[in-house]
Amino acid sequence: MDRKVRVRFAPSPTGPLHIGGVRTALYNYLFAKKNNGDFILRIEDTDQNRFVEGAEEYIIEAFKWLGLQFNEGVGVGGNFAPYRQSERTVYKDYALKLVENGWAYYAFDTPEELDAMRKECESQKKNFQYDCNTRQGLRNSLSLSENEVDALLKNNVPYVIRFKFPVNTDVVLNDLIRGEVKMNTSLLDDKVLFKSDGLPTYHLANVVDDHLMEISHVIRGEEWLPSCPLHVMLYRAFSWEETMPQFAHLPLLLKPEGNGKLSKRDGDRLGFPVFPLQWKDPKTGEISSGYRESGYLPQAVINMLALLGWNAGTEQEIFSLEELVQAFTIDRISKHGAKFDLTKAKWFNHHYFQELANEDIAKDYIKILDNLDLKGINTDLTFVVQVVGLVKERCDFLSDLWDNSHYFFVAPQTYDGKVVNKRWKDDAGRRMAEILVEMRHIAQQTPDDDNLFAHNTEEFLHRFIEENQLNIGQIMNCIRLALVGEGKGVNLVDIMKLIGSNETIKRLDKAIKVLGC
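Be aware that the sequence shown starts at 0, since it is given in numbering that gives the first Met the number 0, and climbs by one per residue.
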């Protein structure tokens, strides 16, 4: 009978969740859902020195925003609770069992003694490692007599428990992404499994918990690959080899330039977030930007991250979460790092922003308009929905709306100098004055009908251009400058329809007075 798929995402609450961690969680989620399995959140908080207040809550909030729901875990519960490692008390028993079976040993070396060893090795241009070659010369239960060890334990002398790697043994791992990975134990240091503060290290805790929680697959970042031989050996030491999970080590998320792991510093340097949500450091007060607060939509972040290191083997780039679940397979994850592409990230957000209902965007935009504290602007929902419908195709984010639509709400106070020099020259002012006269006449003929005013004005302008043998740009660009203040904007007829005949005439009149006839 096939084993049920159970995967876990196990972050440490040491700060904000890196976007690379989000991708790891996403791949675990997709794999679990594709295989009708369970997706579990476990908080690995055994390193109390690095614990950061608020980090756990941040992690949970990030996944709520992204829409990735856990089947079990912190904040959810489940049959294998507790899911917070600091609340689990089983680790010392397992560490002592390893000592009893000869797979681990007590080490009584003080930090000062180990530092002295390291410095001595450095002076000889060597690297110090606590391993099968050095452990007999150090202060541990392998080098000391049984009576000495008993006395030290009886007197409560601080100790750690280290794993005892066998000498010159090849540890072979069949990674689902990288294939066969082999490492010899003579190259590995005897890692600490249980610390003097009474808490396990990551290595012991994660193996014990993965076994007890019946984890079937461990999908994690490639930075854990060097630790995997220890984890494999722990399964062997506990006689758990038959239930050992399959491992898959994901490629790194790289800097946009491709040289090295993506970091917060890269985001600060290039102006993009590397965290899903904004984070305020509880100690320094420093604020780091987040995808949510930067205007990214969760579905865009999910889609972007899925394709940073995985592909479906087709040309398809736009995937809903459900489509990703159906298409996802581990064998299509790359072995090589994936470069972060800010332009592509914006491209994804642009796509999903266009799919939002205009009314929903308008409601959020009205909140922005209200915060601008501009007196007398039109924030009627029907009006703002129309504005959004005209400009949203030009926007990647909600925050782009004002730059692309401000002229619908406020008349220009200044005029772009480059556009003025290029467009408002020769007899442009005189031509605009002639057009203004006719606009006033059209407005009188179409009272209370801004759509008809705009339509009739457009017809008149085309006749005026043809009769005077002018270039269409000579006239339309000057009118755009008068209405917008710049050389950009949506179709002029649409602008006139929305701002209305009175405002159109008022703006053209002002431009003539300011820029001259």
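Quick caveat, the hints were computed from the structure, so don't treat them as lab data.
Among these hints, one or two may not hold up.
[Unchecked claim] When the alpha-carbon atoms are kept at most 30 Å apart in a straight line, the in silico DSS-like pairs for lysine-lysine are as follows: (1) K260 with K63; (2) K487 with K63; (3) K417 with K338; (4) K91 with K33.
[What the hints assert, rightly or not] Each pair of labels, with its calculated beta carbon distance range: (5) H335 with V513: 29 to 37 Å; (6) S262 with P165: 33 to 41 Å; (7) D359 with P110: 33 to 41 Å; (8) T313 with N126: 45 to 53 Å.
We put the CB at the ideal spot given by N, CA and C, even for glycine.
Results for each hint:
1. K260 with K63: Holds: K260 and K63 sit about 26 Å apart, inside 30 Å.
2. K487 with K63: violated (39 Å)
3. K417 with K338: The given pair, whose Cα atoms are some 38 Å apart, is violated under the 30 Å limit.
4. K91 with K33: Not OK: K91 and K33 at ~36 Å, beyond 30 Å, violated.
5. H335 with V513: 29 to 37 Å: violated (58 Å)
6. S262 with P165: 33 to 41 Å: holds (37 Å)
7. D359 with P110: 33 to 41 Å: Check failed, 58 Å falls outside 33 to 41 Å.
8. T313 with N126: 45 to 53 Å: At roughly 47 Å between Cβ atoms, N126 and T313 fall inside 45 to 53 Å, so the hint holds.
Hints 2, 3, 4, 5 and 7 from the list above are not met by this structure, while the remaining hints are.
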